[in-house]
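As given, the protein sequences belong to chains A and B, one line each in that order. Note that our numbering has the first sequence beginning at 21, numbered continuously upward. Note that our numbering has the second sequence beginning at 403, numbered continuously upward.
Hints listed in this document are in silico derivations from the structure and should not be mistaken for laboratory results. Among these hints, one or two may not hold up.
Unchecked claim - Derived coverage of chain B by chain A (criterion: at least 3 residues anywhere in the stretch with Cβ under 8 Å from a Cβ of chain A; other residues may be distant):
no.: 1; region: 495 to 508
no.: 2; region: 806 to 814
Unchecked claim - Footprint (simulated), chain B over chain A, 3 or more residues, beta carbon under 8 Å:
no.: 3; region: 279 to 290
no.: 4; region: 293 to 300
Just so you know, even glycine gets a beta-carbon here, dropped at the ideal spot from N, CA and C.
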Amino acid sequence: MTSTITAPERDTRRADRTRPARPVHWAQGRWYVPWLFLGVALVVVCTFALFPFFNTLLLSFTDATLLRGGQFIGVDNFGELLGDSRFQTALLNSTLYVICVVPVMVILPLILATLVAGNGRLLGFFRTSYYLPVIMSPVIVGLVWTNLLNRRGLVNAVLEWVSAVSGPVPFLTDRWLLLFSAMFVTIWMGMGYYMVIYLAALASIDPSLYDSAAVDGAGTVRKFLHVTMPGVRNTMGLIGLFSSIAAFRVFGEVYMLTDGTGGTGGENLTMTMLIQREGTGLQARTGYAGAISLVMFVIMAIFLLLQLVAQNRQRKNG
Amino acid sequence: MSRTFRWTTAGVAASAALSLTLTGCGVGGGGSDDSGAADTGGKVAGKITFQTWNLKGGYKQYFEGLVDAFEKKHPGTTVKWVDQPAEGYQDKLSADAAAGNLPDVVDMGPEAARTLADAGTLLNVAEDDPEAEKDYLPAAWKAMTFKDVKGGTYGYPWYLNTGPSFFNTALFKKCGLDPKNLPKTYDELFDQAAVMSKNCGSKGISMIGRLPTIETFGMYGAKLMNKDGTKFTFNDAKGVELVERYQKLYKGSGFTEESLNALQTGEADSFKSGELGWLPGSSYTLSDLKKTAPKVAESVAMGPLIANTAPNMYLESLVVNAKSKNTATAKAFAKFVTDPANQMAFAKKASVFPSSTGSLEDPYFTKDDATDEGHLRVEAAHQVGTSVVWWPPAFSGTSDVDNLREQIAKALLGKTTAQQALDDAVKYANDRLAKQ
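Required output: the full structure, derived from the provided sequences and hints.
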């Protein structure tokens, strides 16, 4: 009896002796360890995002200039904005940019992605070609398109050669033509990027859905409308968000096409161009520029919230 | 993907993007008004930094020799020369001034100097060195004296430039004008521009390629500011008359749509491509034309800067940082660079004009050596002697400049009257001046 009782006890003790003790890592249980992992990212975010954000917020309620710390002036900057015709022009141009560019940016890259999805060499060539403008410098793109669209440029030369127009089209001097030219350049530059996002989304659609649709007699257009589009609906929403923000913040294309002037009479100024004009240089009115930035932020926040709510409702209903 | 996750993803994406919207557009605040006390009684010794604007490319050897000569003259001194590229110089000055990192001696024009002086960043050289005034041309010294900034003089005048006129005589002949009868006043210019547009306007050829700038108003006869230098007044009868002449020219196809928005580079490009009859240039425009538009250069004729009043003068100065740790050395170096001998040497190398008293009487500027360059030099030097810095230092910053151009463009397009356009431009500039 005794031996039957003691044997297991002995065995257990042997087992305890032979199993190595689990080492306690030096970091285990120390409160600061997670902060060490987060540290670098936190410093970067605080320095380059949070501090400028709150600094801009504070500045917008002051009359600060670049060289002088400002005094608190309440909402005077915002009152001045309401009567500033340049602000109204900039707001109109940036809003028009969103209205015109975003639908095209959501649909066109999806069509392109559908066309170039696959493994063929020719498809690879087209994918690369469509993506090429994305990696080009905006300055180079601006210079190229300025040369193409000016009075003596290739586009006007071709239009006149085929007798489509009797004189040069004022692509870069007419207010609306210049704005639409800039929109065209934005779309040309951005569609490759969104096409790549759509290509990833298309890969997640079950191919059997297309087969089923074909069995049901669906053609290319119907497959696109009833299989592809519902399949990438979430991606479309995300691209809608991103392209809205990018369109409202447009700067480089208009700046380059107008040689930095904001167009004839300043009629092509956008919100970011106005901020740049007020907020840079030795006479920069940083307080006023901050107020424009804040208004821009609020407008976009409202716009994006509406977009999110609409998408959510659509999902609920769908 | 659950609804919660979708919302979270979209929400995070939206928040991140929105934050970037505001932070990306964020702007820095100003520093304090504390001007600080500088050590002005120290001896000439120690290290200073000297900053020029786009001069390293063509004059590296000259400046290295200049620095060596100063260090030899003042043993124990070290001058670090830095040159900034042409693009974004104002932004560089802004960033340095806001951060309190302005070099000890800096090359800049009166507009930038006034803003920095107003912020207490620059040394008042008139107060610190009253004897210096007699060493410089009165007009140049006056241009660096700012009535509205304690009436002080905030920099040593350095080199000057004026703008001779360049005419494309081939276009003059083609468009029914006499190339021997080049315009000298704005009245003659507008009359000849009307003839040119009548005969050649349909071919895209015009006499004038850019809207008037603030100095144009001064040269036309408008009064730019009140006596105290506290309010702009260029919306007077003469100013309105100038804009109305541009309006008339535009209606008669004597001014292209591109020109409504053209900057200086656009105007020069139009002249080089043979579409413009007149180019207000500088003393180095001729060599540039010979290099970049040799065909046009063959038919170029030069004349004095067109003005109804005194011609305009452009000035560069050397300012001394009021917070320099070696003010005595910085001041000595700025005076050394702008002394008559060094100014003369630089003027000969760079095709500019010295601002030191008596330098313009040197035979180099008074005797025509029968070359194109020599003729231009003598003519321009004569103009410099009678010229005025029309550009008011208070009319500074791209905002004032851009707004004036935009208002005039609107008047030409018929969206407003000449009077209203100038009233708006003056109000805008005055409001900005009051807020500085």
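Outcome of the hint check:
1. 495 to 508: holds (count 4)
2. 806 to 814: holds (count 5)
3. 279 to 290: holds (count 8)
4. 293 to 300: Coverage by chain B holds for the region 293 to 300 of chain A (5 residues, Cβ < 8 Å).
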